[in-house]
Amino acid sequence: GDSVTQMEGPVTLSEEAFLTINCTYTATGYPSLFWYVQYPGEGLQLLLKATKADDKGSNKGFEATYRKETTSFHLEKGSVQVSDSAVYFCALKDTGRRALTFGSGTRLQVQP
Amino acid sequence: DTAVSQTPKYLVTQMGNDKSIKCEQNLGHDTMYWYKQDSKKFLKIMFSYNNKELIINETVPNRFSPKSPDKAHLNLHINSLELGDSAVYFCASSQGPSETYEQYFGPGTRLTVT
Numbered sequence: 001g002d003s004v005t006q007m008e009g010p011v012t013l014s015e016e017a018f019l020t021i022n023c024t025y026t027a028t029g030y031p032s033l034f035w036y037v038q039y040p041g042e043g044l045q046l047l048l049k050a051t052k053a054d055d056k057g058s059n060k061g062f063e064a065t066y067r068k069e070t071t072s073f074h075l076e077k078g079s080v081q082v083s084d085s086a087v088y089f090c091a092l093k094d095t096g097r098r099a100l101t102f103g104s105g106t107r108l109q110v111q112p
Numbered sequence: 001d002t003a004v005s006q007t008p009k010y011l012v013t014q015m016g017n018d019k020s021i022k023c024e025q026n027l028g029h030d031t032m033y034w035y036k037q038d039s040k041k042f043l044k045i046m047f048s049y050n051n052k053e054l055i056i057n058e059t060v061p062n063r064f065s066p067k068s069p070d071k072a073h074l075n076l077h078i079n080s081l082e083l084g085d086s087a088v089y090f091c092a093s094s095q096g097p098s099e100t101y102e103q104y105f106g107p108g109t110r111l112t113v114t
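Just so you know, the sequences run in chain order A and B. Mapping of the first sequence onto this note's numbering: position 24 corresponds to residue 24, and the numbering continues sequentially without gaps. Mapping of the second sequence onto this note's numbering: position 34 corresponds to residue 34, and the numbering continues sequentially without gaps.
By construction, these hints were calculated from the structure, which means they are not laboratory data. For clarity, every value in this text was computed on a predicted model and none was experimentally measured. Beta carbons: idealized from backbone N, C-alpha and C, even for Gly. Keep in mind that the hints are not guaranteed to be accurate.
[Claimed, not checked] Restraint ranges, calculated between C-beta atoms of paired labels, are given here: (1) E63/A <-> D70/B: 33 to 43 Å; (2) S65/B <-> P112/A: 40 to 50 Å; (3) N62/B <-> Q45/A: 26 to 36 Å; (4) Q111/A <-> N51/B: 39 to 49 Å; (5) Q45/A <-> A72/B: 17 to 27 Å; (6) T59/B <-> K60/A: 31 to 41 Å; (7) H73/B <-> T20/A: 32 to 42 Å; (8) E82/B <-> P40/A: 25 to 35 Å; (9) K60/A <-> N79/B: 37 to 47 Å; (10) K40/B <-> P112/A: 25 to 35 Å; (11) N51/B <-> T28/A: 23 to 33 Å; (12) G96/A <-> H73/B: 46 to 56 Å.
With the rest of the complex left out, here is chain B (with noise of 0.2 Å):
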């Protein structure tokens, strides 16, 4: 059974369009996260909810909105995609929002933009 799920695994779409990404985990976890990861392999976190509730909003552009219906779902709508935007996004889950959980990431979905 897959922990941390994404879908879909690659997305390929033109600038300007609007895609989504979701992110369901069946661990009974609180917590859930979207990371960044660029062409250089770095990562840095963009939004985070604990209990359908936001908790992170990292400076990310406003065409960025994550939606959680549920404790087990994050999904990540994009609007107007930009060449910029291009990269992979990890979705993770951790018990709570405590430094002492480890968070448990999704195989990641990567995204092009033409």
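Isolated chain A (complex conformation) (with noise of 0.2 Å):
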């Protein structure tokens, strides 16, 4: 079956630093990835998506490349700030699936 493993949290940055968070895949068709973001008490957001290979999401600095060969999409920023501190969620929707798949998302400090 489909799977997203992303990398233990927290993880405590300072302000200006940079960041990545590792996310790879299990998947039996040809699935679009996605990252979404949690901030405190409100739901998910959609921050970036790919929906094949190579391809390159970005959106507010953050950006994800879609690694099929590695089958991973890591979540990166040049520097971070306070305001970035949230879960961020990698997922995946395979082909003829009609749901995300989760990881099981990263808490994301960043320290002034």
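Reconstruct the complex from the two isolated chains, following the hints.
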């Protein structure tokens, strides 16, 4: 079956540090890949997506590249801000599947 | 304008009660979903409807029954609530069931069963 594995958190960084949150997946088809963010007390918001191999999704300074050869979709940001503190979820939706499969989430804490 | 809205935002109730959570989307989407987020933040699909037709029904107790009166609404009714039902329930919608369509989530309903 499909699965998504994310690095365990929490990840604690100082403001302006470089961020990487690792995400790897297994899928039987040709999935689309997503990163969602959940700010404290709020619902999930789509951060970025990629629908095929070598696509790069980007939004608000965050980037992730769909790497089929390594089955990865790592999230990166060059300079984090305190306002980026949240839980980040990697997810996939496989061919023919009707729902998202989520990773366990990674909590990011950015300190001033 | 809120794209996907849920009511109530918080729900505290006792074991054995029956409760409903409502969801509405104003995006004109055809597909709606219910997800459950447990205390460890793990998210799992429960149900999905496409054009009012049930297309996903994961392994969920029969006490949970979704109802979609029209494309814009998907409600979740829970009978005989148990302690283990305590969680945050998220509604979502997408343009269609295809894997390329992103899902838009509501703010969640935190259910606490005492």
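Between Q111/A and N51/B, does the C-beta distance stay in 39 to 49 Å?
Holds, since Q111/A and N51/B (Cβ atoms, about 47 Å apart) stay within the stated range.
When you take the CB atoms of Q45/A and A72/B, is the distance between them in 17 to 27 Å?
holds (21 Å)
Range hint 46 to 56 Å: satisfied by the CB atoms of G96/A and H73/B?
violated (26 Å)
Could you check the hint for me, namely that E82/B and P40/A are 25 to 35 Å apart, CB to CB?
Between E82/B and P40/A, where Cβ atoms are some 27 Å apart, the hint holds.
CB-CB spacing for P112/A and S65/B relative to the 40 to 50 Å hint:
For S65/B and P112/A the Cβ distance comes to about 47 Å; the hint holds.
C-beta pair E63/A, D70/B: status relative to the range 33 to 43 Å that was hinted:
holds (39 Å)
Look at the Cβ atoms of H73/B and T20/A and judge whether their distance stays inside 32 to 42 Å.
holds (40 Å)
Does the Cβ pair N62/B, Q45/A satisfy 26 to 36 Å?
holds (33 Å)
So does N51/B sit 23 to 33 Å from T28/A, Cβ to Cβ?
holds (26 Å)
Assessment of proposed distance window 25 to 35 Å (beta carbons of K40/B, P112/A)
Holds, since K40/B and P112/A (Cβ atoms, about 28 Å apart) stay within the stated range.
When you take the CB atoms of T59/B and K60/A, is the distance between them in 31 to 41 Å?
holds (36 Å)
Taking the Cβ atom of K60/A and the Cβ atom of N79/B, is their distance within the range 37 to 47 Å?
holds (42 Å)
When held up to the earlier numbered hints, the structure conflicts with hint 12 and nothing else.
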